[in-house]
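Number of protein chains: 2
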Amino acid sequence: MTNDLEDNMIDFEQPCPIRDVLDRIGDQWSLLVLKALEIQTLRFNSLHREIGDISRQMLSRTLKKLENDGYISRTIYAEVPPRVEYTLTDLGGSFLKPMNILIQWANDNHEAICLARKNLSQ
Amino acid sequence: MTNDLEDNMIDFEQPCPIRDVLDRIGDQWSLLVLKALEIQTLRFNSLHREIGDISRQMLSRTLKKLENDGYISRTIYAEVPPRVEYTLTDLGGSFLKPMNILIQWANDNHEAICLARKNLSQ
DNA sequence: CTGGATCCTCATCGATACTG
DNA sequence: CAGTATCGATGAGGATCCAG
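Protein sequences, first through last, are from chains P and Y.
Counting from 1, one number per residue, gives the positions in the first sequence under the numbering used here.
Counting from 1, one number per residue, gives the positions in the second sequence under the numbering used here.
What the hints contain is simulated information worked out from the structure, not anything from laboratory work.
Any given hint could be a false lead.
Note that the list lumps identical chains together, so a pair holds whenever it fits in one copy or between two copies.
For lysine-lysine, the following PhoX-like pairs were computed, each having C-alpha atoms within a straight-line distance of at most 25 Å [to be verified]: (1) Lys-64 <-> Lys-97; (2) Lys-118 <-> Lys-64; (3) Lys-65 <-> Lys-97; (4) Lys-118 <-> Lys-65.
With the hints as extra help, turn the sequences into a complete structure.
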C-alpha cells in the first residue's frame with residue numbers, strides 16, 4: 001500500500017500548499033520575473049526594460065512578494081547611484097523545474113486550447 | 001545549435017500560451033475541480049459536495065470556463081430529475097500530468113516557503 | 001536609480017434569490 | 001437536480017507623483 005494517491009491528492013484543508021504557490025505565481029507578472037531572472041541576475045531597471053509593459057509599481061510589488069516567499073533574493077550595493085540586484089534563489093530555481101514542464105505543456109497544447117475556444121463560438 | 005533555450009523561453013508577445021493556461025487554472029477553484037474529476041466522473045451536486053465550500057454560482061462558472069477551454073466535457077441525460085455529468089477530457093488529463101508534478105513540488109517545498117515568510121516577519 | 005504613497009478603475013468573487 | 005440573474009464587496013493592477 002503506497003501513498004501515491006495521497007501524494008497526488010490536493011489537501012482540501014488549510015493550509016493548501018499548491019494554493020499558496022498558485023496564489024503567488026498565478027498573478028500577471030511573477031512568472032515573467034522568475035523567467036527573466038532564470039537567465040541572469042538583473043537589477044530593477046533592467047528587469048523593467050526586459051519585461052517591457054509592466055509598471056514600476058507592479059514590478060516593485062511583484063519583486064517584494066517573490067522575495068517574501070523566498071523565490072528571489074535582493075542585494076543592495078551602497079553606491080551612487082544605488083544599485084539593487086535580484087537573483088533567483090535555490091528555491092526559485094527548484095520551482096522553475098516543474099514549472100518549465102508546465103510551460104512546455106502550455107506551448108505544446110496552446111493550439112488545442114485555442115481550437116476548443118473557437119469551436120464553442122461557432 | 002538547438003532550440004532548447006527557445007523552447008524554454010516565455011513568449012513575451014501575444015498570445016502567450018502559459019498565460020492562457022495560468023489565467024484559466026490560476027483561479028480559486030479550477031484546479032480543485034480538475035483534481036476531483038481526475039478521480040472519477042461527477043455530476044454537479046456531487047462536485048459541489050466534494051469541494052465543499054464552493055458556491056453553486058462559482059462552481060457553475062468554473063465548469064463553464066473549463067469546458068470552454070476543452071479541459072472537461074459536459075454530458076446531459078434527458079431524465080427526470082435532470083442529470084449532468086462532468087468528465088475530464090484527454091486534454092484535461094494531459095494537463096494534469098505536468099500539473100501533478102508542480103503539485104508535488106508545492107507539497108515538498110511548502111515548509112520552505114512558510115519558513116521564508118516567517119523569517120521576514122521577525 | 002530604486003522604489004513608496006496615493007488614488008482610481010475594473011474584473012472577480014460571494015450572497016441571495018429565482019427558474020426549468 | 002442543475003443551474004442563472006442581480007447586486008455588492010473585495011482586491012489586483014495602472015497612473016501619477018514624491019522620496020532616499
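Here is what the structure says about each hint:
1. Lys-64 <-> Lys-97: Intra 22 Å, inter 31 Å, cutoff 25 Å: intra-copy only.
2. Lys-118 <-> Lys-64: Classified as between; 14 Å across copies, 38 Å inside a copy.
3. Lys-65 <-> Lys-97: within (20 Å within a copy, 28 Å between copies)
4. Lys-118 <-> Lys-65: between (36 Å within a copy, 13 Å between copies)
Comparing the model with each earlier hint shows no violations; every hint is respected.
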